[in-house]
Amino acid sequence: MEMVYYWEHECGWVNYLDPYYFWNFEGKVKCAGCDRVARFKFVNGMLLEGPTEVDEEADVLPLYADNPNRGYEAIKVGTEGKTRPFYGLMRDPSTYTGKARIRTENFRGKFIRATPNQPKKAGVIESRRFAWIDRTKSKDVWENDDYPGKPVYGKFRKEE
Amino acid sequence: MEKKVWDPSPPGSWSFDPPRDKDPVTGEDMEKIPFEEYCRRMFDPDKLWEKPEALKGWRHISSTMYILSPHVGATLGEFGAEVIKVEMPKLGDPMRHTSPFNEAYLWPETDHRPQVGTGMGFLHANDNKYFITLDYHAPEAKELYYDLIRISDSMAECYRPGTFYRWGIGYPQLKEVNPRLIYIYLGGFGNYGPRRYGGSYDILGQAVGGLAAITGWHEDFGGHPTKQTNWLIDWYSGLTGLIGVLAAAHYRRKTGLGTFIDLSQISCSTRATGYAFPLYGRFGVVRQRWGNWDTLLSVHGIIMTGRTDDPEHPNPQISVESRYVMVSAFQDDDFRELCYIIGRPDLWEKYSSARERVKPEAQIEIYRALEEWASDKSRSEVVEILNNAGLIAVPVFSAKDVYECEHFWERGTLRWIDDPIFGDVLVHGATVKMSETPPRVKWVWRPIGADNIRIYHELLGYPLPKLKELWEKGVI
Amino acid sequence: MSDEKYEEKYVELEINDVKDTLLPRPWPVTEPRKREELYAPWVKDPRDPDGSYGEFVEENIHYKKAVGKPWALDGIIVLDCTVMGMAGAIAASYLGELGATVIKVEPIEGDPQRYWYPFGREEYAFEDIYTGEKVSPTFIHEHRNEYSITLNLETEKGREIFKRLAVHADIILENYPPGTFDEWGIGYRQLSRINPRLIYAWFGQLGQWGSMKDRTSKYGQWMLDPVGLSASEYVHSTGFPADLLPREFGGNPTRSGEWVGDIVAGVWGTVGILAALYYRENVSGRGQFIEATSAESYMEILDFNISWYAYDGSIKARIGGWDPNLNQYAWNPCKDGYMMIGGQSDRLWYRILQVIAQEDPEGARLIAEDPFLKEMAARNALEGLIKTYTVTAHWLVNNTRAEAEAKMNAREVAAAPVLMIDEIAEYEHFVYRGHVIEVMDEHYGRVLVSNSPLAHQHRTPARIKWVGRPLGLDNGEIFARYLGIGPEEMKKLAREGVTTWYHE
Numbered sequence: 001m002e003m004v005y006y007w008e009h010e011c012g013w014v015n016y017l018d019p020y021y022f023w024n025f026e027g028k029v030k031c032a033g034c035d036r037v038a039r040f041k042f043v044n045g046m047l048l049e050g051p052t053e054v055d056e057e058a059d060v061l062p063l064y065a066d067n068p069n070r071g072y073e074a075i076k077v078g079t080e081g082k083t084r085p086f087y088g089l090m091r092d093p094s095t096y097t098g099k100a101r102i103r104t105e106n107f108r109g110k111f112i113r114a115t116p117n118q119p120k121k122a123g124v125i126e127s128r129r130f131a132w133i134d135r136t137k138s139k140d141v142w143e144n145d146d147y148p149g150k151p152v153y154g155k156f157r158k159e160e
Numbered sequence: 001m002e003k004k005v006w007d008p009s010p011p012g013s014w015s016f017d018p019p020r021d022k023d024p025v026t027g028e029d030m031e032k033i034p035f036e037e038y039c040r041r042m043f044d045p046d047k048l049w050e051k052p053e054a055l056k057g058w059r060h061i062s063s064t065m066y067i068l069s070p071h072v073g074a075t076l077g078e079f080g081a082e083v084i085k086v087e088m089p090k091l092g093d094p095m096r097h098t099s100p101f102n103e104a105y106l107w108p109e110t111d112h113r114p115q116v117g118t119g120m121g122f123l124h125a126n127d128n129k130y131f132i133t134l135d136y137h138a139p140e141a142k143e144l145y146y147d148l149i150r151i152s153d154s155m156a157e158c159y160r161p162g163t164f165y166r167w168g169i170g171y172p173q174l175k176e177v178n179p180r181l182i183y184i185y186l187g188g189f190g191n192y193g194p195r196r197y198g199g200s201y202d203i204l205g206q207a208v209g210g211l212a213a214i215t216g217w218h219e220d221f222g223g224h225p226t227k228q229t230n231w232l233i234d235w236y237s238g239l240t241g242l243i244g245v246l247a248a249a250h251y252r253r254k255t256g257l258g259t260f261i262d263l264s265q266i267s268c269s270t271r272a273t274g275y276a277f278p279l280y281g282r283f284g285v286v287r288q289r290w291g292n293w294d295t296l297l298s299v300h301g302i303i304m305t306g307r308t309d310d311p312e313h314p315n316p317q318i319s320v321e322s323r324y325v326m327v328s329a330f331q332d333d334d335f336r337e338l339c340y341i342i343g344r345p346d347l348w349e350k351y352s353s354a355r356e357r358v359k360p361e362a363q364i365e366i367y368r369a370l371e372e373w374a375s376d377k378s379r380s381e382v383v384e385i386l387n388n389a390g391l392i393a394v395p396v397f398s399a400k401d402v403y404e405c406e407h408f409w410e411r412g413t414l415r416w417i418d419d420p421i422f423g424d425v426l427v428h429g430a431t432v433k434m435s436e437t438p439p440r441v442k443w444v445w446r447p448i449g450a451d452n453i454r455i456y457h458e459l460l461g462y463p464l465p466k467l468k469e470l471w472e473k474g475v476i
Numbered sequence: 001m002s003d004e005k006y007e008e009k010y011v012e013l014e015i016n017d018v019k020d021t022l023l024p025r026p027w028p029v030t031e032p033r034k035r036e037e038l039y040a041p042w043v044k045d046p047r048d049p050d051g052s053y054g055e056f057v058e059e060n061i062h063y064k065k066a067v068g069k070p071w072a073l074d075g076i077i078v079l080d081c082t083v084m085g086m087a088g089a090i091a092a093s094y095l096g097e098l099g100a101t102v103i104k105v106e107p108i109e110g111d112p113q114r115y116w117y118p119f120g121r122e123e124y125a126f127e128d129i130y131t132g133e134k135v136s137p138t139f140i141h142e143h144r145n146e147y148s149i150t151l152n153l154e155t156e157k158g159r160e161i162f163k164r165l166a167v168h169a170d171i172i173l174e175n176y177p178p179g180t181f182d183e184w185g186i187g188y189r190q191l192s193r194i195n196p197r198l199i200y201a202w203f204g205q206l207g208q209w210g211s212m213k214d215r216t217s218k219y220g221q222w223m224l225d226p227v228g229l230s231a232s233e234y235v236h237s238t239g240f241p242a243d244l245l246p247r248e249f250g251g252n253p254t255r256s257g258e259w260v261g262d263i264v265a266g267v268w269g270t271v272g273i274l275a276a277l278y279y280r281e282n283v284s285g286r287g288q289f290i291e292a293t294s295a296e297s298y299m300e301i302l303d304f305n306i307s308w309y310a311y312d313g314s315i316k317a318r319i320g321g322w323d324p325n326l327n328q329y330a331w332n333p334c335k336d337g338y339m340m341i342g343g344q345s346d347r348l349w350y351r352i353l354q355v356i357a358q359e360d361p362e363g364a365r366l367i368a369e370d371p372f373l374k375e376m377a378a379r380n381a382l383e384g385l386i387k388t389y390t391v392t393a394h395w396l397v398n399n400t401r402a403e404a405e406a407k408m409n410a411r412e413v414a415a416a417p418v419l420m421i422d423e424i425a426e427y428e429h430f431v432y433r434g435h436v437i438e439v440m441d442e443h444y445g446r447v448l449v450s451n452s453p454l455a456h457q458h459r460t461p462a463r464i465k466w467v468g469r470p471l472g473l474d475n476g477e478i479f480a481r482y483l484g485i486g487p488e489e490m491k492k493l494a495r496e497g498v499t500t501w502y503h504e
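First to last, the protein sequences are chains A, B and C.
Last residue of the first sequence: 160 in our numbering, with the numbers rising by one and none dropped.
Last residue of the second sequence: 476 in our numbering, with the numbers rising by one and none dropped.
Last residue of the third sequence: 504 in our numbering, with the numbers rising by one and none dropped.
Isolated chain A (complex conformation) (with noise of 0.2 angstroms):
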């Protein structure tokens, strides 16, 4: 199979070229780890003329790039000189770390609850319906590293 639409690099580092881009595509790409560049040519998805390295500036950098031999360390998206930018995101790109983000205040800076229920003490509004939550649901529980029903990912579930 020819098609390279994750482009392995002899010098370990593969960069993904995003399907769409690529689909009909004839130019040269500069790979995100060592910066050679090759020359490709893709009809309707099929690679017609493999990489050939050339010695040329790169038309078009590839979107994201990561290196299985160093524990798949990655290049992100946007990196200065490696990666494309990629504008089509919500905000402003040097916010997004791609990891959930917990607030309690929302954008008019009102309260928003986004952590867990707060004992009496603290003064928010409890409700006596939602007090099974704190017994079972509460910070405390959750910190541990074990707790009941925590799932494990890529086996089956254990059974409780």
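No lab work stands behind these hints: they were computed from the structure.
Be aware that a few hints might be false.
[As the list claims (entries may be wrong)] Lysine-lysine pairs mimicking BS3-like chemistry, simulated, CA-CA at most 30 angstroms apart:
hint	chain 1	residue 1	chain 2	residue 2
1	A	Lys110	B	Lys47
2	A	Lys76	C	Lys374
3	B	Lys377	C	Lys218
4	B	Lys142	B	Lys468
5	C	Lys65	B	Lys254
6	B	Lys175	C	Lys65
7	B	Lys32	C	Lys157
8	C	Lys64	B	Lys175
9	C	Lys134	B	Lys359
On the provided structure of chain A, position chains B and C as indicated by the hints.
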């Protein structure tokens, strides 16, 4: 002596009695005030909570997941029904842990993401509901479910066909328990047919149903079919299912009998393809994608202008992307005006009839000319120029523009809700305007099993020791 | 009846010119399998071990068993005064398919939708068998089970007649620019005096009131569909981002191919109308004023987009065929089209990897070993999406849609191809269930239309009786039945320009 006639309800005195003669507050004649003012008073969003609810007394059981089927329940809840959502114990609805780009979450949580919360994907499909848990696999579950069904008007489910029947709670069994029940099954491929066991998602409905075949840029221009925002088919099919439920309620009034509705969301996607099927059936022509332009009218499409209004903003959506305008000038006079504005009177000479304008070659030429003209202007400039000339042009709004637009706040489409659990949340649901019984969003959502006590103990009347026993066995 | 005109020949078509596409052809090209063949596996299928559920469903819910069943909205009279926009047509079609009597009140020249042909090609017209009157496929598809009368509402006499008609109506639908009917004396406040049980629904793009309400252009052009969609953030969040696809190739915000805003507004409006009907029948005995706009109906459907902005200021961006909320949940290009693979949960994610690993172990290894992708929610991060779909597309390039589908379905992963219109019409499941059906219409012959989604019900299924309607066909009947106006008076009215009368 004057005889006083006691009038218990002088006209216009009830808050929801539409003031036909005189407005009770100002005393004006309702027939004489300008139409816009009349509408404003009839649909006043501030008076929302003074008006009654349309589906008073209705109870709906929602044994649903994801978006398609819970949406039926949420909308019924918006219209005033009492909706009880049944989830699996501990796991809950898998939709709870979806959030765009893994970003925004509100508490409380699921077992999958304990410290993180319930994702924004759960919003709007699950408002106004009571959340209980029930494990259908347990042998006691059947009786519990029958007790719930006996006191409900309708029920929705989305599991594979035959699953509920095997568990003893399928339509043939439930119609004996409660002959008035309206049972709606919402799924991708429906309840019968060669592919009935295929699981289905919204995006599958778009792909297989036909919307993907007609949305996106044309293949000749290098385009690909694009998915409609978020989950169009899920939402819109849920509404179609609701039409079936309400119509069945009307029928039930005469005969007292409920019914079974089998709704396939792919069918809804196919229904929305417009003239594609008559064209194929009669002439064998397969309709293709046509990007941002229209196949029936010209000029009636979206163009790109040169710059955005705020190129320095850190958010790329504002600095780079907010530069599209929808221009609509398909009648002859409007098109002529448009041609003169962009400085191309030759286009008007060439394409003075609507039939000529709508042909593909003509559209390509006209839109290219439009975009050329707009390529050095910003979005608001283009909109201003065209609106001042009396033509119709509307900018393509992003979420920020919608949030800042007065129009939607005035009309009550966007509302801040002070939710009892979550605090200040913006909702934009329940958007059809009704003058007497408007729909409304009461609360946003609740944790898994939050209303177990309320429903099982306070509604059904189970004693608390029984609930404890069921909890221990893992049934709820 | 009309067999001489539309012959049942299957012609081998070689299409070199538009004219070649104008020959009629039979449908479907391949017949679906018989029911016995399809359900033989019922008995062996573990999900329905004794086949009793399947039998029950086939006997009662199959759309072909719907002939002769009662109608849900029997006796409800709907006056559909909408022209041009599709919202009212959609609402009227749902109500009509469920059994209501829908009367379309058209201006003298008819609804302009009758004359809007795709790309202006009049060759695609459907002709009335009796009179040869041409109508466009759009009109045929959206207007079902509707009677058509012509009434000129711009004349005084026309409005008087309309008021007399409104006495009988339960529901009125209209989409004229705000205030038009009110000016003419037939708006809600005037009609509710005559008929307090009236449910009056207005459809539009932005609203009847507010700072950005619907308006007409200087020359009287109305606001039609994508206006509402543009104003409701739908267009902004649909399409390919310019980073995934260059703008010249389509990396722009894209509108939907069909007027989805109107369709959704029509459906939302119908929901409101039926809720008002329920309230009227069971509680108050009074009707209401309902307003359903495209922009706002669509806003409900945008689920969290604007709430997300209010949460932390993030503006929802478009992402093409991918989905930022779930992984895997996208379509990607493959050998002969596009393939959609959906596997939201953890278990299905690993199943998809197993399928890919059979042909591309390298790629599967790249995904399976990456510690970042082990956590389920992290797969929704942008890097997770790019990596997953790149490897998936790499696998897909070598598989046609049918092959990919078979391999994925063998592992119970929901995967489906993106089908073109002709493939949908021939797809066995849809032909069996009648998603696309052929209606033998009295006036237009054999017409292929997409069936109502509510056609599969136990007691009162929705059915299409006829499609389209020649202009003004039911003038005589409706005027006589509801207004007591006979032919002589109609001829007089026709001369005054209030209505039309064919037989002099």
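For each hint, the structure was consulted:
Between Lys110(A) and Lys47(B) the CA atoms are separated by roughly 24 angstroms; this keeps the pair inside 30 angstroms, and the hint holds. Only pairs whose Cα atoms come within 30 angstroms are accepted, and Lys76(A) paired with Lys374(C) is accepted, the gap being roughly 17 angstroms. At roughly 23 angstroms between alpha-carbon atoms, Lys377(B) and Lys218(C) fall within 30 angstroms of each other, so this suggested pair holds. About 18 angstroms separates the Cα atoms of Lys142(B) and Lys468(B), which keeps this hinted pair within 30 angstroms; it holds.
With a C-alpha separation of about 22 angstroms, the suggested pair Lys65(C) and Lys254(B) falls inside the 30 angstroms cut-off, and the hint holds. Between Lys175(B) and Lys65(C) the CA atoms are separated by roughly 19 angstroms; this keeps the pair inside 30 angstroms, and the hint holds. Between Lys32(B) and Lys157(C) the alpha-carbon distance is near 23 angstroms, which keeps this suggested pair within the 30 angstroms criterion. With a C-alpha separation of about 22 angstroms, the suggested pairing of Lys64(C) with Lys175(B) holds against the 30 angstroms cut-off.
In summary, the hint linking Lys134(C) to Lys359(B) is supported, as the alpha carbons are separated by about 19 angstroms, within the 30 angstroms threshold.
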